[in-house]
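Number of protein chains: 4
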Amino acid sequence: MSFNTFGHVFRVTTWGESHGPALGATVDGCPPGVPIDAETIQQWLDKRKPGQNKFTTQRREPDAVKILSGTFEGKTTGTPIQLMIENTDQRSKDYGDIAEKFRPGHADITYWQKYGIRDPRGGGRSSARETAARVAAGGIARAALEQIAPELIVKGYMVQMGPRAIDRAKFDWDQIDQNPFWTPDAAASEDWAAYLDSLRKSGESVGAIIEVTAQNVPVGIGAPIYAKLDTDLAAAMMSINAVKGVEIGEGMSAAMLTGTENADEIAFGPDGPIYSSNHAGGILGGISTGQDVVVRFAVKPTSSILTPRKTITKAGDAAEIITKGRHDPCVGIRAVPVGEAMMACVLLDHILLDRAQTGEAVLGKIG
Amino acid sequence: MSFNTFGHVFRVTTWGESHGPALGATVDGCPPGVPIDAETIQQWLDKRKPGQNKFTTQRREPDAVKILSGTFEGKTTGTPIQLMIENTDQRSKDYGDIAEKFRPGHADITYWQKYGIRDPRGGGRSSARETAARVAAGGIARAALEQIAPELIVKGYMVQMGPRAIDRAKFDWDQIDQNPFWTPDAAASEDWAAYLDSLRKSGESVGAIIEVTAQNVPVGIGAPIYAKLDTDLAAAMMSINAVKGVEIGEGMSAAMLTGTENADEIAFGPDGPIYSSNHAGGILGGISTGQDVVVRFAVKPTSSILTPRKTITKAGDAAEIITKGRHDPCVGIRAVPVGEAMMACVLLDHILLDRAQTGEAVLGKIG
Amino acid sequence: MSFNTFGHVFRVTTWGESHGPALGATVDGCPPGVPIDAETIQQWLDKRKPGQNKFTTQRREPDAVKILSGTFEGKTTGTPIQLMIENTDQRSKDYGDIAEKFRPGHADITYWQKYGIRDPRGGGRSSARETAARVAAGGIARAALEQIAPELIVKGYMVQMGPRAIDRAKFDWDQIDQNPFWTPDAAASEDWAAYLDSLRKSGESVGAIIEVTAQNVPVGIGAPIYAKLDTDLAAAMMSINAVKGVEIGEGMSAAMLTGTENADEIAFGPDGPIYSSNHAGGILGGISTGQDVVVRFAVKPTSSILTPRKTITKAGDAAEIITKGRHDPCVGIRAVPVGEAMMACVLLDHILLDRAQTGEAVLGKIG
Amino acid sequence: MSFNTFGHVFRVTTWGESHGPALGATVDGCPPGVPIDAETIQQWLDKRKPGQNKFTTQRREPDAVKILSGTFEGKTTGTPIQLMIENTDQRSKDYGDIAEKFRPGHADITYWQKYGIRDPRGGGRSSARETAARVAAGGIARAALEQIAPELIVKGYMVQMGPRAIDRAKFDWDQIDQNPFWTPDAAASEDWAAYLDSLRKSGESVGAIIEVTAQNVPVGIGAPIYAKLDTDLAAAMMSINAVKGVEIGEGMSAAMLTGTENADEIAFGPDGPIYSSNHAGGILGGISTGQDVVVRFAVKPTSSILTPRKTITKAGDAAEIITKGRHDPCVGIRAVPVGEAMMACVLLDHILLDRAQTGEAVLGKIG
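Residue numbers (numbering that gives the first Met the number 0), protein chains in the order written: chain A, 0 to 366; chain B, 0 to 366; chain C, 0 to 366; chain D, 0 to 366.
These aren't lab readings, by the way, just hints derived from the structure by calculation. Note that the coordinates shown come from a computational prediction; the quantities given were computed from them, not determined experimentally. Some hints here could point you the wrong way.
Computed Cβ-Cβ distance ranges for the label pairs, DEER-style [to be verified]:
(1) B:Lys169 <-> D:Gly73: 51 to 57 Å
(2) A:Ile152 <-> B:Ser276: 37 to 43 Å
(3) C:Gln51 <-> D:Asn277: 33 to 39 Å
(4) D:Ser276 <-> C:Pro162: 17 to 23 Å
The beta-carbon is built from N, C-alpha and C at its ideal position, and this holds for glycine as well.
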């Protein structure tokens with residue numbers, strides 16, 4: 000994993016800036032013969048697309064993906080797949096102030112210090128628009144998984160907005176696609192709508208926690224020690240814009256438990272080992288157990304807000320800044336499909352890695 | 000980052016099992032001319048060494064490191080450095096039960112399912128003994144940092160044990176080396192001693208949260224997007240045994256804040272930009288700001304406990320298991336030097352990467 | 000180096016097929032602040048462009064490159080640079096036969112056997128059109144080298160066509176750009192023109208040897224042992240379509256020499272060490288000496304010829320095949336700018352790697 | 000492939016200097032369950048061992064390998080395998096002159112200029128002793144291949160010494176293990192014995208060409224474009240000490256052929272496609288055809304000779320040097336098992352890579 004590439008054998012390199020001509024993903028190492036077309040990928044991009052309701056940025060981007068290479072007659076050929084999304088709504092004027100002043104909480108200042116040059120239009124490379132390329136690449140990963148592990152399901156959803164967490168007792172998978180927050184708790188959805196509306200009106204923003212669950216993950220993927228499945232998932236999620244924390248299974252709360260509370264007991268079910276609980280998040284020693292793989296990540300609130308904030312200019316002068324552009328009061332909402340995409344990419348990569356090292360059979364039988 | 004290697008240009012590959020002849024680290028890409036000897040590395044290993052007090056495993060390992068290559072007359076030559084630690088206390092009989100039964104919460108079952116073979120002695124490759132190799136490699140990284148960034152300080156400490164967190168108001172850097180828990184809060188240390196003693200006597204274990212802070216980190220290290228400094232730190236910490244959550248700066252709590260609360264305002268100080276706060280943990284857009292880099296990670300409680308737990312055998316039969324070996328009631332204690340080592344390795348790697356791409360000067364001046 | 004990517008810190012991933020919508024290169028790790036625009040890159044592409052004279056394929060492709068990302072106001076920003084070349088002349092009908100029959104000497108049969116699917120239009124991914132992406136990426140590398148090592152010159156030329164080698168005594172740098180074969184020997188050029196014309200008329204093809212020399216290479220780039228400068232150059236050149244042999248300095252002929260003949264003696268000149276000869280091709284122990292770096296590679300004759308050849312169909316039936324498309328009688332001609340591009344990429348990558356590990360100063364002074 | 004590591008998923012990192020305490024290889028990514036012990040590896044090391052006859056260095060090293068990790072009860076576990084060879088015959092005094100004077104044709108001067116420090120004892124890291132680690136790692140690769148592709152045979156042999164090439168008409172596989180040069184031509188062996196004896200007595204050395212053939216290579220391994228099987232073999236062989244040229248199949252001579260001569264015609268045999276010839280060296284488009292994979296590489300003559308050569312000292316003063324140590328008149332002899340080891344490692348790596356991307360079945364059927 001390095002620079003703008005992630006993955007070991009299924010490798011994704013994203014490129015492009017918020018307001019350049021286009022952005023995209025170069026996907027290498029995909030298995031051949033996977034049915035894929037632009038429409039299939041587009042459905043995932045549409046989930047992330049801005050401007051769908053009043054809770055996401057009003058930038059109007061169709062985010063239409065084109066496949067430039069790597070497929071023939073609707074199937075992948077095993078060669079690199081180039082996915083391109085043209086930028087159409089590039090109102091650069093909105094961002095004029097940023098060229099001279101550094102927005103607190105943004106990459107403006109560090110990009111400038113590191114590179115001595117940066118593309119200030121819409122945040123350039125540091126813009127959350129980069130995540131569209133991840134979602135497109137995730138579409139390829141999902142299509143490949145459908146062939147190799149057809150039972151595998153990846154589902155993301157929001158479990159907390161600001162201080163307001165969902166009630167796990169009300170968790171309903173069917174709710175997730177029924178509300179603008181992709182939350183499994185219908186009551187939370189209503190509560191958050193009112194809460195976010197008032198934040199939006201006051202030009203404020205708020206953070207969120209996203210959880211992504213993968214069901215029916217094959218047993219035995221992952222690898223000790225620096226490519227533990229947990230490690231690669233942590234890296235994948237932490238690489239998303241604005242993410243500052245990642246948890247697997249019990250996560251940070253594992254610190255609060257005793258050994259008795261934390262260990263998932265094992266029994267023998269009709270199809271092999273079953274577990275009394277899933278504190279481990281489906282991963283033991285870096286390797287999948289066959290339970291649900293569960294990851295959570297925290298998205299910080301966007302710093303692009305209407306409240307004036309103290310900052311400095313390139314010349315070092317004190318200044319105030321208000322960010323007027325079209326922004327999301329809760330960027331966490333659009334992070335849901337992004338987290339799903341990263342999960343799909345990591346799981347596919349590890350399934351391929353596993354069959355590289357151990358072949359296609361499960362080696363250690365139980366029972 | 001792949002399999003048993005981490006790092007981009009400063010690359011560490013660890014090898015070895017708990018009860019094999021030896022374990023160690025192959026360190027590649029270290030700058031030449033760095034003064035280093037076994038004694039310097041040993042001081043860090045001694046910090047991690049078991050059996051130092053009643054709160055850590057009674058396994059008696061001198062953990063004496065030998066440098067087998069890569070140095071000449073007390074300095075690194077730029078070629079691979081091989082660090083070897085021989086295992087001396089290999090009481091394999093203690094672990095007999097594990098060969099047939101799977102310990103809940105351990106890698107026993109997944110290693111078996113994935114590989115069809117595993118070294119059951121002391122957990123084999125999944126043992127926390129692997130972290131000795133990290134600490135040794137971290138000693139090399141620290142020595143190199145002393146030349147390249149002599150002001151840089153890396154310090155780890157425990158901030159929570161089970162449900163008991165430190166009081167941040169009592170944070171005292173000088174306390175850290177004064178107590179067996181490397182905690183900056185003297186009162187917490189006393190409290191934890193009593194708490195852990197009672198857990199230990201009842202054969203129980205507990206989790207912990209470790210924080211690692213790096214001071215005087217050069218501005219401008221890190222890289223968008225999949226090698227964000229946050230990403231590589233998250234991967235580094237999550238790759239440690241038993242870690243299930245990682246946070247940068249505000250971490251998971253960033254989700255609870257508004258944009259106004261979270262963004263660190265910028266002013267201009269005598270030596271460049273200064274910040275009103277450090278919610279970002281010293282990293283914006285994946286690149287260091289020059290503020291303290293702050294990482295936290297949660298270590299789950301070891302599942303090697305005296306309470307009988309339900310499990311199964313290889314044959315699929317229901318069984319009970321008690322893990323009698325010599326174990327730590329709170330493995331988080333010995334994770335402190337490990338977290339420090341990972342921080343040192345990641346920072347050195349990114350300093351080298353930064354000078355690869357941008358050279359040695361800071362490119363974007365302010366003021 | 001893996002799959003469709005080469006390079007360590009300056010990394011190039013190419014993508015695209017002969018007759019898809021576009022092809023290109025994703026260039027990651029380029030230093031920031033490098034002046035670059037499409038015109039600068041285009042000059043190198045024009046050197047490789049088909050249809051320039053009767054000795055190269057009559058396919059008419061403008062090969063116009065677009066920069067989709069990674070630059071701002073005419074300079075690189077340090078983020079990934081996407082270079083796209085749209086395919087305009089896609090006469091797929093020319094290639095109909097190939098879908099069912101395998102061309103001897105082509106990748107048709109192995110792609111089919113490996114992937115079970117392939118893009119037969121113009122050879123798909125195995126087409127020499129892929130090298131346009133290398134040339135474009137090489138344009139970026141050259142621009143970066145102009146800043147970091149402004150004295151460095153990369154120059155490729157043809158030294159043998161079929162059995163006819165140049166006369167080294169007539170080597171004239173100024174001749175290279177004066178003839179369609181980029182050869183430094185004017186007499187050879189005339190001879191080859193007649194020879195190739197007769198081959199072309201009979202529908203035959205022939206191989207060639209290309210030499211690429213880099214002058215004023217900084218001392219001390221390269222790295223033992225698996226990233227020796229020789230190693231990475233060998234990999235870079237061998238990765239080009241149709242290349243089957245690579246030599247550094249004396250190359251295969253080094254086998255014929257005695258130790259006395261082969262070793263380049265050392266003296267001390269006004270600017271440091273000078274050498275009595277350059278059998279080593281400017282590289283000792285994998286590291287540059289400061290002498291010219293000299294690489295040669297052999298390009299096999301294209302198998303797309305008018306002579307009927309025996310082959311089989313997918314069904315396993317015996318068949319004959321004539322390849323009627325628009326092809327080069329000597330593909331080696333157009334390999335000259337490709338070899339230059341690979342040299343530029345490898346040297347830049349190693350200059351960056353060297354400053355990562357050792358910083359910007361030369362460490363070991365002599366005299 | 001980077002620095003001191005090669006391979007994609009089967010990855011070998013070598014470490015160690017000629018006269019340090021030990022040298023070895025860290026082998027990561029090996030499949031689990033492969034039967035292996037030190038004796039099996041030792042047989043390959045014994046082939047390379049110095050002092051076996053008057054044609055190789057008289058340094059007496061047992062080159063005894065120890066397995067420090069990665070196996071359990073005689074089988075690989077899938078975790079990193081550490082192979083260590085202790086240096087026992089470290090007569091450092093032999094090399095005293097080298098610390099101040101640079102040997103022409105050696106890495107002495109470039110290591111010094113790059114690193115500002117080097118281990119002058121026996122050439123340090125640049126010594127051919129490093130190749131012992133490759134041979135050990137190759138022993139692991141061979142053992143794994145025996146399980147995965149049991150028909151596959153890797154065989155190296157010398158085809159040219161100085162200007163004296165073998166007579167291909169006299170090629171006899173059974174001769175290879177019958178003479179000190181591992182040559183398939185018995186007459187050449189006798190001729191070379193006399194020739195080399197006279198060179199040895201006059202303190203002279205000579206180069207050689209080694210060929211390595213792999214039979215029964217599975218169809219479909221290798222990958223376009225930067226991980227072509229040719230590319231990785233070229234890199235692997237060129238990374239060996241003193242190698243300056245690499246050829247696949249027809250190699251440099253491909254330049255001399257016409258398209259009609261070079262293309263291997265295809266017919267349909269009882270087990271699938273068969274070819275009329277093997278100019279391609281078993282690789283088309285970077286992917287194996289199932290024919291013999293044939294690689295040749297040239298080893299330059301060692302520059303450690305008794306003839307006085309002109310050089311300079313660190314101070315820049317003119318000097319003469321004679322290298323008195325124990326050296327091989329033809330280092331190419333001992334390169335034979337090294338070339339075999341590299342071939343085995345590359346083939347295993349690509350077999351694993353292939354099953355990662357395409358699974359275990361052959362995808363494109365013919366006939």
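Going down the list of hints, with the structure as the test:
About 56 Å separates the C-beta atoms of Lys169 of chain B and Gly73 of chain D, a value consistent with the hinted range of 51 to 57 Å. In this structure the supplied range 37 to 43 Å holds for Ile152 of chain A paired with Ser276 of chain B, their Cβ-Cβ distance being about 41 Å. Take Gln51 of chain C and Asn277 of chain D: their Cβ atoms lie about 35 Å apart, and the range 33 to 39 Å holds. In this structure, Ser276 of chain D and Pro162 of chain C meet the distance hint of 17 to 23 Å, their C-beta atoms being roughly 19 Å apart.
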